[in-house]
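Let the sequences and hints guide you as you build the complete structure.
Heads up: the protein sequence lines correspond to chains B and L, in order. Read in the UniProt record's numbering, the first sequence has 38 at position 38, and its numbers run on one by one without any break. Read in the UniProt record's numbering, the second sequence has 84 at position 84, and its numbers run on one by one without any break.
If you're looking for bench data, these hints aren't it; they were derived computationally from the structure. Built from N, CA and C at the ideal position, the CB exists for glycine as well.
FRET-style restraints, in silico, Cβ to Cβ:
no.	chain 1	residue 1	chain 2	residue 2	range
1	B	Tyr234	L	Glu176	20 to 26 Å
2	B	Gly73	L	Arg93	56 to 62 Å
3	B	Thr169	L	Ser188	34 to 40 Å
4	B	Lys193	L	Asp186	24 to 30 Å
5	B	Leu46	L	Asn256	27 to 33 Å
6	L	Gly73	B	Ser114	52 to 58 Å
7	L	Asn256	B	Arg158	18 to 24 Å
8	L	Asp145	B	Asn230	17 to 23 Å
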Amino acid sequence: MVLLKLQFPLQRRVRLAQGLWLLSWLAVLAGAFTFSLGVYLKTELLRRAEVMDNTEIHVVPNILMLVGLVTMGINLFAGRVCQDSLDSARFPPWKPFLLPWYGLAWMVCVWLLSAVVLSYALQGHLEESLKVGLRNGIRFYRDTDVPGRCFQKETIDRLQMELRCCGNTNYRDWFEVQWISNRYLDFTSKEVKDRVRSNVDGRYLMDGVPFSCCNPGSPRPCLQNHLTDNTAHYNYEHQSEELNLYNRGCRQALVDYYMGLMNTIGPGILSVISLQISVLVSLRYLHTSLEGVDPENPEADSEGYILAKGVKETLMDVKTTVFKLLQFGQVEAGDEAEAGADGEKAAS
Amino acid sequence: MVLMKMKFPFEKRVKLAQGLWLLSWMATLAGAFTFTLGCFLKTELRRRAEVMDNTEIHAVPNTLMIVGLASLGINYFAGRMCQDALDAGRFPRWKTFMQPYWGVSLLFTLLMLMAVIMSYAMKGNLESSLKIGLKNGIRFYKDTDTPGRCFQKQTIDRLQMEFRCCGNTDFKDWFEVQWISNRYLDFSSKEVKDRVKSNVDGRYLFDGVPFSCCNPSSPRPCIQDRLTNNSAHYSYEHQTEELNIYIRGCREALVNYYMGLMNTIGAGVLSVFLLQSSVLVSLRYLQTTMEALAGQENTEIETEGYLLEKGVKETIMEYVTPVLVFLQLNQVGSEDTEA
Chain B
1 MVLLKLQFPL QRRVRLAQGL WLLSWLAVLA GAFTFSLGVY LKTELLRRAE VMDNTEIHVV
61 PNILMLVGLV TMGINLFAGR VCQDSLDSAR FPPWKPFLLP WYGLAWMVCV WLLSAVVLSY
121 ALQGHLEESL KVGLRNGIRF YRDTDVPGRC FQKETIDRLQ MELRCCGNTN YRDWFEVQWI
181 SNRYLDFTSK EVKDRVRSNV DGRYLMDGVP FSCCNPGSPR PCLQNHLTDN TAHYNYEHQS
241 EELNLYNRGC RQALVDYYMG LMNTIGPGIL SVISLQISVL VSLRYLHTSL EGVDPENPEA
301 DSEGYILAKG VKETLMDVKT TVFKLLQFGQ VEAGDEAEAG ADGEKAAS
Chain L
1 MVLMKMKFPF EKRVKLAQGL WLLSWMATLA GAFTFTLGCF LKTELRRRAE VMDNTEIHAV
61 PNTLMIVGLA SLGINYFAGR MCQDALDAGR FPRWKTFMQP YWGVSLLFTL LMLMAVIMSY
121 AMKGNLESSL KIGLKNGIRF YKDTDTPGRC FQKQTIDRLQ MEFRCCGNTD FKDWFEVQWI
181 SNRYLDFSSK EVKDRVKSNV DGRYLFDGVP FSCCNPSSPR PCIQDRLTNN SAHYSYEHQT
241 EELNIYIRGC REALVNYYMG LMNTIGAGVL SVFLLQSSVL VSLRYLQTTM EALAGQENTE
301 IETEGYLLEK GVKETIMEYV TPVLVFLQLN QVGSEDTEA
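Here is the structure:
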């Protein structure tokens, strides 16, 4: 029982070949587009690599880049095949390549789909990675004299200004670390000594934030220090003050940004998948309809199908072939063992 | 005495017409390019319109846009004319069109050159416009409750952060205005009262700057207030401190930005000008060679082409004399009426 059989008179075959040629070039462009989307996403992830703890999320753009290149290759091949398809002398050399081509095209579609699924599934990983990266960035904010960490301050400052966010979860994260280096603290002053003694680790903690948390949209000049003390500033109530600093945490801001990017990329990839599947189906029909052509009457009608037998039967066939290959190996080993046993018997 | 006479055998005429056709299409694209450059420059100027006092500098992008559109038309007609050029029957119908065409195209080509010159000449104009605009912006920084000025604070803050600059000429401009609104000053405190009494206008002046002047590259958390007081901060010397806040003034930053833009655009427009001039010169040669063919039976003979029939001076006199006669006639006429 053939799967999705269609009749193909000569005109239809010709049209199918022409349409497939056009589709395959569109699919080459789509492959280039996928590659460029992968490069763009990777560039955006690398820009903020300093506040990410691991690079697990990079698997998404890596898959997109690799699959984009493979897509371009297989669709160039499909274009060549269908250029030769209507010439009955030049088509046969391509035949043995077609079965592996189908496998490769299927794999491409599966990988693209997995890239889209991963881009949503890895959101938790991204958030974890950003949580650890931002925590380290805030911890090492003051280490502008330590090699390897001297740019953390500038990185965090520019991140907060650009993405309009403050701290990891919110601005209170700055209250829990000492973000002013000891080089700039006057340890002879009473205030500094009190604060340092007030906690176990001897850190200078204060309810203040760096200037990069300031919101330019506030009607009031920015208040950075004594944020929880209502009496420290005139006409100030920290519970109701919303515009003074950025309310959003940088982790939330970055996750939103990257999820937005991947949501935009997702539909593009889905359309590339559907284009590739249509190329695959068209080439299969062209292949089978050309095989059904009577060599003595090349202009007659022929039939095209997707699978010669039904889906179940084709799978059974594939399974049997695989088992045969395995059994062939087993039977040979068994024969040798038997022959060896016989030989021993004969010897004894 | 003819200006720049050249001989044109039939082959050369054909090549001239073909080359001109190609050039005219390239010049059409170049005209569209000029128009987009004008739009881009205008958009960039409008983005910072709030810190500019007048819009005189907008003459440059306006001229570019007009010239771009005009050159689309000029080069389209040049292309049509050279398509008809090789057909001696169809070329004569363009005759009456040519005089006004030359006038218009010379005018707009000169205008293109003027736009480039203006973009350099108006630098001083731009600078004084920014000086006044920024001065007002800094003065009205605190007026976030006054309708019409409530966005000055946000504008100035974002400008300083984006262009990495502070104040008008430099950060000391902030010391001369009261940039904290009275709403947020505690007039019962001694410090506020002292400062307000210390100057004639009763303003709260102090040596501090807004947070947007802070430089993120500084190794030290930003110091915004008591900038001139070395003892107010630990291990601080304001004379040697360079990285704490932005040293550059916003006027200089903006002027540099716009001059950079106009330099790039000027180079592009100059090349468009050269292309346009070559189109006009080729078209003039083609026109004069084809005119020499008029009335001839054999269209494949060699003809001469030139730029001007008489010399430059004589051609100018030819055009200026009617105008002078007209003016003199007016004068004589008024004398007559007096008598």
